Amino acid sequence: LADHTHAIYQGICRFDAATEYDKALVYRNAELPFVIRDDPVVLPTVERWNQPDYLTNMLGHERLYKTDLSSTNQLLFYNNNGAKKSVLEGDWEAPTREVMMSYPDWLAKANTPNGSELQPDKPHWYFKLDGKSQSRRDSYLFDELPFFNPTDPKLYMVDPPADGRGEINCRFGMAGTTAQNHFDASRNFLAVLGGQRRYILSHPDQCGNLELHPMGHPSARHSMVDWSNPDLEKFPQFKQAKSSEVVLQAGDVLYLPTNWFHFIVSLDTSWQCNARSGVTQETMGYIRDCGFGAVAPRPIRELLLGKKR
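Oh and the sequence shown: position 63 is 56 in our numbering, straight run, nothing missing.
Any given hint could turn out to be false.
The list that follows gives simulated cross-link-like pairs (lysine to aspartate or glutamate, EDC-like), each with its CA atoms no further than 20 Å apart [what the hints assert, rightly or not]:
#1 Lys102 with Asp114
#2 Lys147 with Glu137
#3 Lys102 with Glu137
Each pair of labels, with its calculated beta carbon distance range [stated by the list, open to error]:
#4 Thr12 with Lys227: 46 to 56 Å
#5 Asp84 with Lys232: 23 to 33 Å
#6 Arg158 with Thr273: 18 to 28 Å
#7 Asp198 with Pro33: 31 to 41 Å
#8 Lys147 with Pro229: 36 to 46 Å
#9 Leu81 with Thr12: 50 to 60 Å
#10 Lys147 with Val80: 53 to 63 Å
Think of the hints as simulated: they come from the structure by calculation, not from any bench. Note that the structure is predicted; figures quoted are calculated from it, not measured. Glycine residues also receive a C-beta, built at the ideal position from the N, C-alpha and C atoms.
Start from the sequences and build out the full structure, keeping to the hints where you can.
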């Protein structure tokens, strides 16, 4: 992974907010992925969050937050609800466990002076913030990231809920942390607010080549392949997969249309926040044909199954 930090690869279109905002809107309306950078509504958050002690003061010295702990640098989502024993291989174990941690404790682990502690075979912690617009406790994220406000839709909120409810999810990664390739059945804007992250993206038509855990598996819709060291004998179809990549830096915002696959690498200590806003049907057929007709919450699942919303 370290080999990718010496250069910035841009495999999709990147637009400057000051001069190419209209182009970004065209891409968004065409449901194509793109990156927009240096947006004046995003940069103030980047500036604040990169000031010494700002996040510590905002999040508190002792308040505990949900954090995913993995025994390696690889983080894989799972959900046991509805899992079927028939699709589990051997003695399946949860790939991560959730712990409670303060932000200063997480930051100390992320900034460990001993680089050997950040090797792929060492434990990695993935710090999480989840804010709901109707929650007094967590609504501060909407003050910090006003561009994700569902009551003021512009570029980043395509189809916000009619009731004005919204959610922001922030993820803080240690250097070398990877998030396994997967798709989300909704539109997604992801803003990198500190550090650098590498994204490997695939169109939904690549679903059959990405060797996903099947429906009924706790990690359904995620790839079974170790992308750091793919076993092409075990997963021969993976050789046919087509992808593009992009490296996001602080102030970059990535648009992912519905069902686009993404594999994420934290190139250094980094943090991003994302918000989802509605779904589209253009690529549902690829996902349905790939065996995922009931992976999402009910309104999205009905779209996957071809039912009316």
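Here is how each hint holds up against the structure:
{"no.": "1", "hint": "Lys102 with Asp114", "in the structure": "holds (15 Å)"}
{"no.": "2", "hint": "Lys147 with Glu137", "in the structure": "holds (17 Å)"}
{"no.": "3", "hint": "Lys102 with Glu137", "in the structure": "violated (25 Å)"}
{"no.": "4", "hint": "Thr12 with Lys227: 46 to 56 Å", "in the structure": "holds (47 Å)"}
{"no.": "5", "hint": "Asp84 with Lys232: 23 to 33 Å", "in the structure": "holds (29 Å)"}
{"no.": "6", "hint": "Arg158 with Thr273: 18 to 28 Å", "in the structure": "holds (20 Å)"}
{"no.": "7", "hint": "Asp198 with Pro33: 31 to 41 Å", "in the structure": "holds (36 Å)"}
{"no.": "8", "hint": "Lys147 with Pro229: 36 to 46 Å", "in the structure": "holds (45 Å)"}
{"no.": "9", "hint": "Leu81 with Thr12: 50 to 60 Å", "in the structure": "holds (52 Å)"}
{"no.": "10", "hint": "Lys147 with Val80: 53 to 63 Å", "in the structure": "violated (42 Å)"}
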